[in-house]
Structures are given as structure tokens and as C-alpha cells.
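Participant: Chain by chain, the residues:
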Amino acid sequence: MDTKIKIRNLNLYYGNFQALSDVEMDIYDNKITALIGPSGCGKSTFLRTLNRMNDLIGSVKIDGNVLLDNQNIYEKDYDVIRLRRKIGMVFQKPNPFPKSIYENIVYGPRIHGTKEKQKLDEIVETTLKEVALWDEVKDRLKKPAMGLSGGQQQRLCIARCLAVHPEIILMDEPTSALDPVATLRIESLLEELVKKYTIVIVTHNMQQAGRVSDYTSFFLNGKVLESDETDIIFSNPNNKKTEDYITGRFG
Amino acid sequence: MDTKIKIRNLNLYYGNFQALSDVEMDIYDNKITALIGPSGCGKSTFLRTLNRMNDLIGSVKIDGNVLLDNQNIYEKDYDVIRLRRKIGMVFQKPNPFPKSIYENIVYGPRIHGTKEKQKLDEIVETTLKEVALWDEVKDRLKKPAMGLSGGQQQRLCIARCLAVHPEIILMDEPTSALDPVATLRIESLLEELVKKYTIVIVTHNMQQAGRVSDYTSFFLNGKVLESDETDIIFSNPNNKKTEDYITGRFG
Amino acid sequence: GGGEEPAETNGQEEETLSGTIVIAGSTSVQPLSEELAAVFMDQYPDVTIEVQGGGSSVGVKSAADGIADIGAASREIKDSEKSLGLDEYVIAKDGIAVVVNPDSNIEDLTMEQIQKIYTGEITNWSAVGGSDANIVVVTREEGSGTRGAFIEITGVDGADGDMTTENALVQPSTGAVKQTVATTPDSIGYISLGALDDTVKGIKVEGVDVSVDNILDNSYKISRPFNYLTNGAVPEVVQAFLDFIFSVEGQEIVAQEFISVI
Amino acid sequence: MTNATETFELIVPKEKKFSKMINWKTYFFYFFIYLMATVTILVLIAIIGYILINGVLHIDWEFLTSEPSKMGKEGGIYSIIIGTLYLTLVSVVIAAPIGILAAVYFTEYAKESRWIKMIRFGTEILAGIPSIIFGLFGFTFFVIFLGFRWSILSGGLTLAMMILPTLIRATEESLKTVPRSYREGSLSLGATKWQTIIKVVLPSCLSGILTGLILGIGRAVGETAAVMLTAGSSLGVPHALTDPARTMSVHLYILASEGLSREKTFATASLLIILVLIINMIANMVTQRYIKKAKA
Amino acid sequence: MKAFEKAIEKLLLICAITATLSVVIITLFIFKEGVSVLKDYGIVNFIFGSKWSPTNGQYGILPLIAGSLSVTLGALVIGIPTGLACAIFLSEVAHKRSAKVLKSAVELLAGIPSVVYGFFGLAVLVPGIRQYILPMVQLINKDATTSGFSILAGAIILAIMILPTIVSISENAISSVPIEYKEASLALGANHQETITRVIVPAAKSGIISSIILGMGRAIGETMAVILITGNMPKVPGSALDSVATLTGTIAMEMGYATPEHQKALFAVGIVLFIMIVLLNIAANFTLHKLGGQTND
Ligand SMILES: Nc1ncnc2c1ncn2[C@@H]1O[C@H](COP(=O)(O)OP(=O)(O)OP(=O)(O)O)[C@@H](O)[C@H]1O
Ligand SMILES: Nc1ncnc2c1ncn2[C@@H]1O[C@H](COP(=O)(O)OP(=O)(O)OP(=O)(O)O)[C@@H](O)[C@H]1O
Ligand SMILES: [Mg+2]
Ligand SMILES: [Mg+2]
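Protein chains in written order, with the numbering used here: chain H, 1 to 251; chain P, 1001 to 1251; chain C, 2001 to 2262; chain G, 3001 to 3296; chain W, 4001 to 4297.
Calculated from the structure, these hints are not laboratory results.
Zero decoy hints are in this set.
Subject to a maximum C-alpha distance of 25 Å in a straight line, what follows is the list of computed DSS-like cross-link-like pairs (lysine-lysine):
(1) P:Lys1119 x P:Lys1142
(2) G:Lys3193 x P:Lys1115
(3) P:Lys1119 x P:Lys1138
(4) H:Lys142 x W:Lys4290
(5) W:Lys4002 x G:Lys3111
(6) P:Lys1006 x P:Lys1061
Covered stretches of chain P (chain G as the covering partner; in silico rule of three or more C-beta atoms under 8 Å from a C-beta of chain G):
(7) 1053-1066
(8) 1091-1097
(9) 1104-1112
(10) 1153-1162
From a predicted model like this one, the values you see are computed outputs, not experimental measurements.
Ideal Cβ positions, reconstructed from N, Cα and C, are used throughout, including at glycine.
Just chain H, with the same shape it has in the complex (with noise of 0.2 Å):
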């Protein structure tokens, strides 16, 4: 099993907000790993280290190490770009361009250099079948993707971060604003999808982090309380404050 991702003692702060402190994780290749934790804890803020996405907050402030195949992407002259297509984003709140689900599909692609329309037929039809949304949308790829439904959009985003290859997969409650039908649609998804691509997605929901991942973290105020195998974290967490959590006593 290897480590695609691993982070050694990172530090973020917004201003002089701590917002993340002293974080050590690993991430495996090809396994899914779930962030949980109250709300503010800072998990969403990790998540977002790991494709340089701070970068666009000003006030923010990260010492500390983050390996990915083992070069520190926090290096000097590290090309975020190229970071950014290895390692791809799927939000919230599902978030399609306002164009047509092709145009929302091609864009990377068009943006990394592929031109002809033949390929870009391809990487649309691949992508999209990948996301078992193929069938339901194939006839209206020209139509406006802010018509489709709340779960259709999401996996039209993961479509999106598909088509231009990355290695890994970072999910921020993907399926919080999805109805139920939606969100079980999603987690069987992520189960096809762990067979390719790496995972980390943060949840809000312990049902869901305890069904679909292998590796679970627990954060709290900007720490890593407990780091181990989804199962023993469920089933004999080492901390007090993780057992409190998953059980509903707070958060």
C-alpha cells in the first residue's frame, strides 16, 4: 500500500488565527480517506491545502510539509498548476459552470492544450459514462447544466475533475446538499471511482464516512485527534473525544 500524500507537520493560520496545527497524515493510493469532525474544526481548511487552494486567501499563513510522490508542493517553484490537474476538486455545493454540460466538461481539457473536437467528443462521452450520468444527459450535452438536478450537477462536477486526469480526488461534503436517492447514487460512485483514483473526502455524516472509507481522521480544533482504518476508529477509538463525536455526544 503506498502513501501518495503525506503531511508532516503543517501549520496554517488565517491572520493570527490558527486554523490547522501540527497536522500529520498519510493518504494511500487507491483508498478512500474520510475527514470527520465538528463544524470549524478545520477540516475543509486541510482539504484545501492539499491543491494549494489557500493560495487565494490572502491573509493566510502555512509552514510545514506536504509530499505528494514525495516532493513538497509548498516548494519554492513548484508548478500549482500542474498540482491542481494532478489533484482534483469536487465542492459543497455542486458548482457547474453556467454553460452547457459539454462546455462544462471540455473545459479543462481545452484550458490544458487539447483542440480537436473528435477527442474532446471522447473525453466527454468517457467521463460522463464514468459518472453513470451518460445515459440520463447524453442527449441534451448542449443544454445549460444549471438545468439539471442537485445530484445530477454533482456528479457532472466529478465528471468535470475527471476529464483531466488527476490522481487524486478531494471531496468537501459532496453529498450534503443531495437528497437521499442522490447521495447513495454518489457513494456507490466513490466506490467505483477508489479503484483508479485516490480519495479524501470530508462528511459531516458518521454513517456515511463509516460506509464508504477505508482511512478516517478525527479533526478538532485544528488537530488530528485519532488517524487509523475507518473500522477501528468505529468500532475502538483511542480518544475519548473521537467516541464522543461519532456517537452524537456533541457536534
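Following the hints, put chains P, C, G and W with the ligands in place on chain H, whose structure we already have.
Facilitator: For chains P, C, G and W with the ligands alone, kept in the frame of chain H given last:
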């Protein structure tokens, strides 16, 4: 055990979309009734029919009966202002007015005609004590309420609502924006309040519903699937879907 | 002002003179009206005179509608306006100087040359003895009193009406024409004599310099009247003001910048 | 997409080429953006600088406090400052209550009916009407038809109509920033709609409304064509609503187009710019406080 | 209580109607004054007549329409790229602090009275065009001449005047594009510039278009600045260096001196202007509605 509110055959439409179908429910005096169900199932909508807050939304159409003390609040000449004095409401995000702590609490009494300074002072003190906030804020009553922490703001909002002497308090996920400590304080406050008031609370947190409520109603797609004493619902639900939801199979 | 002595005599005779006079209309007449009003109000402290601009036709219209006691117009009254039955008083005359850019070597033009320049028949200065350069014609806006007088006297106003070339720049005021001519090479324009200064070059017309004397003795031809218009019987105070204007003292004020009518 | 390292090697050389190509576009893009921003700033500096350099030295106490004579060729601009203040005040006093209340109606009461759409459309049209049309209208309606003559009243009413849309829009915008939760909080306590508006909604967006007012004042101060046709251009100090007045913009236009006095023209223009600067600064300060408060 | 609330609502409604009422009264009065000329002279002759010579009884406003449109078009050609670039600079490129300074600077441009612009154009721009632009143009076209009073001068000044409208509204629109779009694009490995041109600006297009339409309205309606710098020559222009007269300028300039008949003709010009603005507004509403329908939902 008296029934405070009887809901019979309630249907609600947002334009063409039916958000509540044939809801029937009894809300008992001096008890806490919890409303649970996945996102979008109509919990908030239902709660807001009880104090006619939905009147504000232009496209809403309601039919059915909501009997408060055996009088239908949707009757033609029913006095909405008096209704809303009788039925207080606490919202998901603490929403104090951008005024001082003092002004927040006396807002209601002033509106309803109490003018004497002494009386108002008295109200401020009693209600703040009732929500266990008095000691924390008694030296800064004239300071902006916005300066309080989230949990304090929420307790202030409860105090503000108590200041108009309601009989019933509606709470829509009152702790979802709060940290664990503040959540516990509110929960223990509920136990105090229920001695004097009837409480209806919407929550996403199964454990919270289990801990604080006497009765629980499970909503799905605008329908009440099951409604019973909390212990029964949690230990031995009638409906498979209720069970699935409570055990985190979806939602 | 030298109104010291008359002020006392008048003051003794008509101590009761008071009221408000509204004058409105031509902006060309406005400075003169203000000057006259200032002196008159000095003499009769109880009289208020408001001087409004607006333009000649505003003058005509407001006198007719009774919004103003006196309408001022810097042009002849049109036939269509005569029917309004207003009383006209020519209170002053204003010479119109033909001006060119100060760098121009033109000194003198004949009426015919001016006419041909303004109708667009002559478009190059070489045709009238200048250097080989296109003429930039500057005129006033349609309806302007100055323009009306100028085209009529120079013959630009032919059988088919106003024949001013389409290629003329149009400027909405004396000052704007002056400024344009002053800063635009090879330009020609016309402005009120009162506004003539050395930023532009006033030229001779038919060999005659533009000056008050030459206008008074009719050797310089291009001038226009300043009209005051009243509607029907006027209040005492307005009559007194009109009398004052046509008095020696009033016309002295006129003569400071314009041409007296007596 | 089978093995990570394989893809890695495949992509690197390709990507180098792309980034070169993309960089050119990107450089040009940023060059253009920076260039335009710089040009805009330079133009601003040029206009303001040119006028202030030529005019500021001619502004002195004398100029501010003495009355103009000879059409403004001589003397100061005292009566014109007074006229400007008067006219602006009148127009704001007329427009402010109507504008604010109308905005309250649109945001708090109006339902999306065809009637309301038409009324809204009317407001939009009013915002788009050129000032010269307001001038024509004010002249025929207030000055002549209603017999108000050239007066502060006619001018003020005309200007009030002109700044009404600005006020409505600004107030509406700031009303929209008031969180729904304030309204719900108040209503759930049994307050009526109007009580909610007066006691909670309006107080919490006061500075937004104030900003709108200041914008309206700016527009009133800067207007020329409409004022000239309705308030007149008489030089005297106005004492009553029925007196005519000349505002600084009108005065500047007359000075500039009649070429009466270069000095006075620049001095008046400078004063006008300084006035606008001050108005903008106040507006900015108010908005800043507003933003701070909203954040707190 | 209820009655009081009802009364308040009625009062507010009356205030809201005031604006619309104003439009109705304005329309009525402008039409009352001007419509007789349109009737007597013939609408077609009036609008398509190529000679504006009121003293001769010729009321063809084609040259004026051409003048207004050409100056406005010029202003848009200059103002849109500049304004859009500034808006992008403010919302996406500049640091917060410099953005704030630049924004208030641009807003200052909006506050400067239009007469000041005209004055500046007259003193600086008109001579500048004659001295610097003309020689450049003459390199290509030897016969070119200009007095400096030109479409170009008007367009430049109007471009500056509409800049604040375009910048501030577009900036708002761009800033209010949900950050989710930006994040999504960046997360796909797009760089900032690609994100701006391919996602943010397209997503803000309805705001940007409405800023342009408002700017256009302002440009068509501007009066005092244009009078001073376009030469007011009522002739259909042949090039950007030609002088033109505009609808608004002609009204403002000739109103004062006009005879009653002439004055009516000017009111008729006002009617045309008014209708143009109303059409522009309707077109704007229509476009925005269409665009809005596409982007939202
Ligand atoms: N841009 C920011 N500037 C300052 N503080 C921030 C910023 N973003 C987040 N924070 C703070 O950092 C902490 C961690 O936030 P984060 O969004 O990572 O929490 P989270 O675990 O994802 O919570 P949730 O479950 O509610 O999404 C919080 O206290 C939050 O207030
Ligand atoms: N103003 C509205 N107009 C139209 N539809 C609405 C409106 N408010 C709510 N709805 C719809 O009604 C349904 C019920 O909404 P409601 O807010 O009551 O759900 P909820 O159970 O409170 O969900 P949550 O747990 O997310 O708060 C949803 O499908 C929602 O989209
Ligand atoms: Mg989060
Ligand atoms: Mg809800």
C-alpha cells in the same frame, strides 16, 4: 396532558410545488416536540406555518387547519400579531438586531406598549436570567449584541423571545451554527424552559432529538411518516424509512 | 456709477417707487441689463431687478406669457412673433466684428468676399489674398441674434434663406466663437464688438475698421439691435426703468460697451 | 490513466509547451489590464490637475465672499454658492422622502405583479432620460404652466425628479443588504411590518441610504442644462423659494462659453471639483463606516 | 392597527408611483409641445431629412441622429475595453488597497460636472487632435483635415464620462460572480487569466451588458460637454475627424434663441431623443431578461 396545537390536514404549496402534504400532528403542552427528517423534507416550512411566518412569502398557498387552543389560526380575521406574541421563534443562525443587548430584549415589550424604564429593566434582568446569560452580560447591557459569541447570541435571541411572554417557542435548528459547548448549554436550557413553555424544535442531529425531546415526528418529502414518543421512535420505529434515517442509512 | 446727483432729485420726486422687475432673454443683452439694473437699483433701493438669461426667444416668450416684465432679444423680432403684439424698444446697438485667427495675414475683406466665404463659394484663403490654406468657417447657432443680423447684412441670407455653408463649425456663444477662432489656425468668425480683444484679430470690412464711431456714422455696416419687449400697459416701476434707460445717464452706461441709440 | 508515474512522464514535456503558449496570452492580458488602469488614472489626474493648477490660486476669501458683477467677469461667486446650496437642499428635501419611501415599497411591499413591473420600468426610464429633456419639461411645466417662473422651486422640483431614480436605486440596494433574519426576528416577536421597517430595517441600513443621498447631491450640484432652463441664471442672492438662482455649474458653463474671464472660469471649475471631491469623500467615509458596521 | 398599516402601504405606493407619474407627465408635456411639428412636417421627413436649417424651415434631423450615434458609438468603442479592463483590474488583479484607491478615483470621474469635461476638452483635447492626431492621420490619408472639433474629441470625452458607469457596474457584477466558479476553474488547473476570460467574465455578462447599456444612455443624453467640443455642424459625417451636431446639443444650443416654430421643432427633437432612450431601455430589459434566464436557474 393537553394538546396545545392541533394540526389537521395541512397542505402547503410554494407556487406549484407541494411542500407539505396532509400533515396531521398534535403538539402537547409543556413538552418538547422534535421534528426530524432529511434536508428539504419540509421541517422548516412546517414550523413556519405554526406562527404564520410563511405569510411573508408571496407564492405560498396553504389549506388545512392549525388549531391553537382550539382556534384555527388560518381563520380569516385571526390576529397574526397576537399569534406571533404567543408563539415565539428562534432561528437557525442567531439573529440579534444590530442594537445593544438591552435594546434587543426590550424590542418586543416596547412594540407591545411597555414604556416604563423600570419595567423594561426588570424584563431584561428576568429573561437574561432565564437563559442563564445574566451573569455573563450584566456589565455590558448597552454594548452591541453583535459582540457576543455565537452561543451567547443564540441565548440572547431566546431571551428576546421570552420577553414577550410566549406560550410556545419554535426553534429551527437552533444549535446547528454553534460549537459543542454552546450546544450543550442550549440543550440544558431547553430542559429548564420546557417547565414553563411548549417547545417545538427542528434538528438534524439525531442524538440531540433523542436527548432533549419528548415527542418526535419524522418528515419525508413533505409528509409526516411517523409521529410518536421519542423513545418509541428511536427504539422501535414503525416505518422502515424512519429506521433507515435514524440509523444514518441516508440523509 | 455717477448716479449721485440724479439719485437725489429722483429720490425726492418719487420716494415711493418700489417693486420687482423681471428681465429675461438674450444672454448677449444680459451684461448690459445687469449693468443698467445695478445703477437703477442703487437709485431706488426698494426696487429689485432680476436679470435672467435664457435666450432671445425665451425673452419673447416670457414677455408674451407674462413670466417676465421685460423680454430681452438680441435680434430683430420675427414676423411670427410680431403677432404677439409686444411693444419693442431698441435700447442699444451692437457692432459685429469679423475676426480671424491672430496668425492670419488677412487684414481686410469685402462684403462679397465675406458672403462667399460664409456660403462656401470660397474655401481657400488664397482666393482672397491669403496663404494657401483651407478656410475654417465658424458661425453661431441657428436662431442666434448675432447670426441673424450677420447673415442678413452680409447677404448670406439669400433668396433661399440662410445659405451658410454646411461645413461651418457652429458655436453656441460669442465667447465660444472667440475661443475657437483664437485657437484654430485659418479660421474666421464673427463676434459682438463688446467682446473683441487681442486674442483674435478684428479685420476691416470694405476697408473700414470696426469701431463705435464707424458704426455710428454708418460706415461700418454690420450691427444689430438690442430689443426690450413689453406686453401691454406696464407697471409704473417698469416704465421708470425704461425711462431711465433712454435718459442720458442710461445711454452713457450703454455706451461703455455698446452703441447708444440716441 | 493506469499508473501515476507513467502519466507523470508523459505529461511533463507537453505541458512545458503549453505553458509557454499560454504565458504569451497571459502576459498580453495583464499588460492590457494594467495599461488601461494606468491610462484611466492618468486621465483623471490630467483633468483634475489641469483645472486645479490653473484655478486654485485664484480662489481666495474675496472670491468666495463677494458677489459677482458683469455676468461674473468681475467679483466673486458668493451668491452662486448660496444659490447652489439652496437649490441642492430643496431638491434633496423633496426627493429624499419620496425616494426612500418608494424604495421601501419596492423592496418590502411590492409583489411581482404587472403593475409593479410597470412602475419599476417607469423608474428605470426616469433614470435614463437625458437632463436636457428634464430641462425642457421643467421649463414648460413648472416655469410656464404652473407659473412658478424661474425659481428655486422650479429648479428644485426638476432636479428632484432627476435624482429620484438615483435615490430609489441606492436605497433599494442598501435595503437588500439587510439580512432577512432581522425582519424575521422582528416579525416573530409580533411586530407589524411597518414597525419592523422603521425600527429594525431602516436603522440598520442608514448609511447606505445616506450614500445614496450624497450621490444625489452630487448629481444635483453637477447639473447644468436642466437648472439653467428652470432655476434661471440670475446673479442675485436668492432669499426665497420663488427667487431665481444660478448654480456653480451654470455659472461655469456661462463663464466658459461666453469666454468672460479665464481666471474666474478656472477658479469656479476648481471650486466645483473641490466640492465634488468633498462630497465623494463624505460618501466614502459613510460607506466605509457602513461596511465596518455590517462586518461587526 | 391594521388600518394604519394599510394606510402606510398606500402612502408608500403613492411614492413609488411618483417616478412613473413623472415619466407620464414629462412625456405628455414634451409631446404636447413637439407633436405639431412632427405632424405638419411629416415624421419621415423629420427623421430622414438630411438638412437641419430651422431658420429656413428645414427640419431634417438625420444629421443630428447620425451625430449622436457616431459620437456615442465612438465613446463605446473607446470606453468598453477600457472600462472592462479597469473593472477586471479592480475586482481580480489589483491588491485590495490599490483597488480601493482606484475605485474611488473612478467614482470621482462620475462626480465631475459635465461642463468641466467640456471645458477640458475645449482647452486641451481639441487643439491636441489638430496638432498631434491630424499629422498621424495625414500619413495615411493626405487630404485629411480637421479643426479638432470632431467626433473623435466628443467620443474621447464621452468615453471618459461613461467610464465610471461601466467600471463600477461591471466591477460589481464581476465581484459578485460566485467564488465557487472561480474555485472550480482553478481546481481544474486553469490559471488566473484563463479563469477570468473563460469563466468569470462570461458569468458576469448580464451585469456587464447592463453597464454598457447604461453608459450608452448616458452618452446619448450628454449635452453640455458635447456642445463645447463637437463643432455642432449639422452634417452627416464622413470620418471620425469631422464635426457633428448632436440631438441634445442642438436642443440646448438653439432653445434659447429659437422662434416659436423652431422651438416646437426642438421639442420634437426631444421626442425623438426620448423615444430613443425608452427603446434603449426596453432593449436593455429584454436582453438582460434573456441573459438572466440563461445564467440563473
Ligand atoms: N478565510 C478565512 N479567514 C479567516 N478564518 C477562516 C477562514 N476560513 C475559515 N476560517 C476559520 O478557520 C476555522 C476552520 O474552518 P473550516 O472551514 O476549515 O472548518 P470546517 O471543519 O470545514 O467546518 P464546516 O464543517 O462547518 O465546513 C474556522 O474557525 C473558521 O472560522
Ligand atoms: N420560498 C420557497 N419557495 C419555493 N420553494 C421553497 C421555498 N422554501 C422552501 N422551499 C422548498 O420546500 C421544500 C421544503 O423546504 P424546507 O426549508 O421546509 O426544508 P427543511 O426540511 O427545513 O430542510 P433543511 O433541513 O435543509 O432546512 C424544499 O424542497 C424547498 O426547496
Ligand atoms: Mg467545511
Ligand atoms: Mg430548514
